[in-house]
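K.L.:
The chain contents come next:
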Amino acid sequence: MLFKIEARAEPSREMAIAAPLIATGLTVVISSLFFLSLGYNPFVTLYTFFIEPLTTMNGISEWLLKASPLILIACGLAIGFRANVWNIGAEGQLIMGAVAATGVGLFAPWQESPLLLPSMVIAGMLAGIAWAAIPAFLKDRMNTNEILVTLMLTYVAALVLSYLVHGPWRDPEGFNFPQTALLPYNGMFEVFDYSYRLNTSIFFTGIVVAVTWLFTERSFMGYKMSVGGVAPAAAKFAGFNASASIWIGLLASGAAAGLAGMMEAAGPLGQLSPQISPGYGFAAIIVAFIGRLNAFGIVLGGLLLSLLYLGGETVQMSLGLPSSIALIFQGMLLFFLLASNFLINFRIRKTAVRAH
Amino acid sequence: MDLFISMFAATIIAATPLIFAALGELVVEKSGVLNLGIEGMMLVGAAFGVWAHFAGLPMIVALAAAVLAGAAASLLFGVLALTFMTNQYAAGLALAIFGTGVSAFIGRGFGSTPVDAIQPIHLPGLSDIPVIGAMFFQYDPLVYFSFVMFGAVSWFLYRTKAGLALRAIGESPDSAHAIGFEVIKIRYLAVMFGGAMAGLGGAYLSLVYTPLWVENMTAGRGWIALALVVFAAWRPKRVILGAWLFGGMTILQLQGQAIGLKVPSELLSALPYLATIAVLVLISRNRQAMALDFPVSLAQPFRPKG
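Going down the list, the sequences are from chains S and U. So for the first sequence, the working numbering puts the first residue at 1; every next one is plus one. So for the second sequence, the working numbering puts the first residue at 1001; every next one is plus one.
Don't take every hint at face value.
[What the hints assert, rightly or not] Under the rule of at most 30 Å between Cα atoms (straight-line distance), these lysine-lysine pairs were calculated in the BS3-like manner: (1) K1185/U / K350/S; (2) K1185/U / K1305/U; (3) K1161/U / K1237/U; (4) K350/S / K4/S; (5) K4/S / K1305/U; (6) K1237/U / K1185/U; (7) K350/S / K1305/U; (8) K1161/U / K1185/U; (9) K1305/U / K1161/U; (10) K1305/U / K236/S; (11) K1185/U / K4/S; (12) K224/S / K236/S.
No wet-lab data here; the hints were simulated from the structure.
Excised from the complex, chain U in its bound form (with noise of 0.2 Å):
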């Protein structure tokens, strides 16, 4: 029993900087827009957010400079995908390979120092309930804060004014455009939440995590983000629940290296990457599901007529 609440809070802890980086990436995607880049934003996210640490600033400011750092980061690629009207994919791979760098060079001095890691608070009363305490009431503040964040994008995608205008310009961006939908200043505005949310990603991944600075310490969070944007079909719910279920394979493969297991640590460490391509495989396959909610003007560009 103690096992499986560990493994359970383990699992959402370990969900947590994808939810992060994949429902910033699902408001990117809605918008029309593909940022394949957000490997790169997260390490970018990761490196800023320890430098802004080590500088002695404190865990909030550390985190606003992460959050920071990734939107930045986004608008690289958004100037290129959006007033320049480039290949998407393109960028995307630009920002992704231009990150990694950034970020190895940002965190070159860092070594292997530890970080005073963001810890779990403890909520009065809740937290001390037997079982559904730890289960439940005994995580650090950017868990919470991630369920935050899903009901905000959810409310604000199906909820808001707002919301129905991304979705509009994520179909059609030439009527949208035509109704007076400023399309190319919301998918800005899409792509650097995307980015935001990306570089928070990753400092929860150096900041709480790990909680450390290593060179391309995302190992393809990033990616695996954009895999979970395919498989939640791009609806908000799939993603939290894509989202355990690799921090679930993730916490399986330490668990079973950590009771030796007798099978090579390497395959044990595939086994995200292969559930990845399971997953995928298994939600593609119904291409009725995959249209449902899938934005038409994915990933091609526009220019305003007239």
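Bound conformation, chain S alone (with noise of 0.2 Å):
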């Protein structure tokens, strides 16, 4: 017996459905026999990674807590990417973020204002926009590559956020730590339940979701900029301008991640330190192609990676595995996804060979 691929006379939409569905079956039974190679029984540690999380009102909470910057942040990405701009560096921008935000709200004159939040609020997602800016003018204008240019910036933000927490901004009254002070209450958001931490910023990525979908699906803008991805030919002929999509690919995901950093200090955290994100930009690129770019797969996705990463530390605390398992999952996640992807565009035949 044979097998021969053959392309599919269209994309299969049952397949388009079936893909990710298929890819977290594969990583499930990939983990397992990951972990059975430890020496720990694969179900005990496959329900302490998938299904424990979620059996508490804490453990939900978190779940809720962890989605929201990666829905917020691939919502942005998935704008760019569709149009071909490859912002790899929203963890930078989301730094940036949470720099201007914290900044704001520990420094700005109006500290008893109910303006605070607010204007952190705009102040996070101006320095994401700002930080997106840089490579955004260096690819229209200069031609530079963008996934270069945001990835180097992602790494200058970081030694941003490190001078200021070691230096200027550390805490005196902080025991020396690398971090700034407390916000003051005006400029945190509040938790619906004082027991959790889930807050009400969750609202702003349930926004822009719906502001997500409206744009990629309902406006002629976001069809131009999809020609673009998809056939930058067609596009140059029926004049859609590329630069529009270079900016605007950018600089919403720039705002997309800085209010996503906003969000981290003014929710959970509550101040500025060096681990102000697990990685949430770079596994925020893992939940838009999950998504298959569309806002309503990426809040799916979103869902499944924060439980990857909720499930990782609880592994971590109760089985004492090391949390770069995390990054393994996330990885073989996006290798298994983008391998079912194949069977939207391509079918396996089976060829009997007859004996005679």
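Put the complex together from the two separate chains, hints included.
P.N.:
Next comes the structure, spelled out in structure tokens:
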């Protein structure tokens, strides 16, 4: 018996839905084998990884809390990715958003005003936009590869953060820890319940998901950008503006990442420290792909990746496994997802070999 | 003068891992494939090199382990990009993330145990020449090997039939396929070569340069190697030039910190990244020069017709 690869006449809708499920399934299977090889009972480990975090209210609160920045950033990235604009430095824009928002929260003269939090939101988004405007300008005017520039700027952003929390912004009463003072109450998002960390910033994520859906599926600009991504020659022929795609793709994702950074600082963390993000900016790239660059798909992808983060922490604490496992699973999930996407455009046929 | 000599030598050494990784990626890109996962492959190489070394294997075997690990990691990308024809950007990123995780997992028990680094070799006569000896003949064997690889890659790409085939595939896979070249097979070999070289570059960091295992020890060198290929406008000679430039930046920055320059150390640490951006901008502005040696089919999936 032999196998033959055939191109499908048109992409399979069923497979488009099935591919992420197949990828998740394969990730679960391979990770069980991986746990088994480490001498752990795979069922116990998988339960600890994927189910246990969701059995408590606190777990669910943490699940949504971590999904929120992932979804938010991935929505922004998807707008660019559709147009073939590759911002892979969302982590840097997130950091700059958190830095600017914390700066306003700690040092703005209107500390007592109810406008403190809104001004932090604006500062966070503007900082993300500004950090993404650098690669946008260089790509548009200087023809410079945005992948490399956004990535290099991520390292620079991490150094800016490190300088501030080790130097001028370090909390004088913080026992020499590299962190700022706590944000004032006015500069924090309100939690829904004082026992849990989930806070009202999640509404922003909801709004961004809706806006992303409208922009990508219902607006002419969104359509033009997608055409530019799929068929640049056709877009050029139709007179669609390539530099608009570059600017919108990068600035939208910069704004989203900056906002996500602000939400981390003014939410669960309440201050600035070098551990502002456990790699949300990079994981959001995976979320965007799992969600097929579609706003609602991204919500599901964000929930899945958030569970991977949470599960990683749980097995780290209860089984003593290293946190790098979460990265291994993230990479593996993306590998399997990309491989199963193959089935959307191709089918594998068995060709029976007849015995004579 | 002594300071100049020591900085010159330190630059050559700092450039070595970049030369390995960037030469490998150059060959990959020349075949029309873009592998963004260099950072992951370097880390995997660095971790497996140390692992083999701590397992008591001789250094040459530890280097071989790093090379094999890098090549194996690149195969993950290869299968996705070449067999499954996926988006190469996404597949490369997946490899970068996966490799970072795998290397951290492998290296979790290494602590900060120092490695018995590969030592410089003493060349009788040559190493003892004043000035010249210190500048050119007091390196570890891998530095010399990086120049051998530079010669080999240049010779292969521009002086052999196989190199011509590889470049033809990078320019136009369809025509190359039509005249009988096995596009996918040659691209697989190129990708594995890139992985092997990245693995070696990573092992240079963990077995010679640092020399110990630190999580994420490449600190963006994989991405800088990627930038070097663009900087080099896909020409091997300029890869070396670029690697020296960035090696020099690293050493200047360390030197600045050592003499206690009155600027924040973070600013000095940011220099290599900022320099990468500056240099990319200068090079990329000239679209014609960039297009000259650019492999036209770069990052486009290929499916043989018929």
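K.L.:
Please go over all the hints and tell whether each is borne out by the structure.
P.N.:
A quick look at each hint next to the structure:
Our distance criterion of 30 Å between C-alpha atoms is met by K1185/U and K350/S, whose separation comes to about 23 Å. Between the alpha carbons of K1185/U and K1305/U the distance comes to roughly 15 Å, so the proposed pair stays at or under 30 Å and holds. At roughly 20 Å between alpha-carbon atoms, K1161/U and K1237/U fall within 30 Å of each other, so this suggested pair holds. In summary, the hint linking K350/S to K4/S is supported, as the alpha carbons are separated by about 6 Å, within the 30 Å threshold.
Of the supplied pair hints, the one linking K4/S and K1305/U holds, its CA atoms being roughly 14 Å apart against a limit of 30 Å. For the suggested pair K1237/U and K1185/U, the alpha carbons sit about 27 Å apart, so the restraint of at most 30 Å is met. With a C-alpha separation of about 20 Å, the suggested pairing of K350/S with K1305/U holds against the 30 Å cut-off. For the hint linking K1161/U to K1185/U, the alpha-carbon distance of about 16 Å falls within 30 Å, and the restraint holds.
Note on K1305/U and K1161/U: the hinted pairing holds, with a Cα-Cα distance of about 24 Å set against a maximum of 30 Å. At most 30 Å may separate the alpha-carbon atoms for a hinted pair to count; K1305/U and K236/S meet this at roughly 27 Å. Pair hint K1185/U plus K4/S holds up; C-alpha atoms about 18 Å apart against a cutoff of 30 Å. A hinted pair counts as satisfied when its Cα atoms are at most 30 Å apart, and K224/S with K236/S qualifies at roughly 10 Å.
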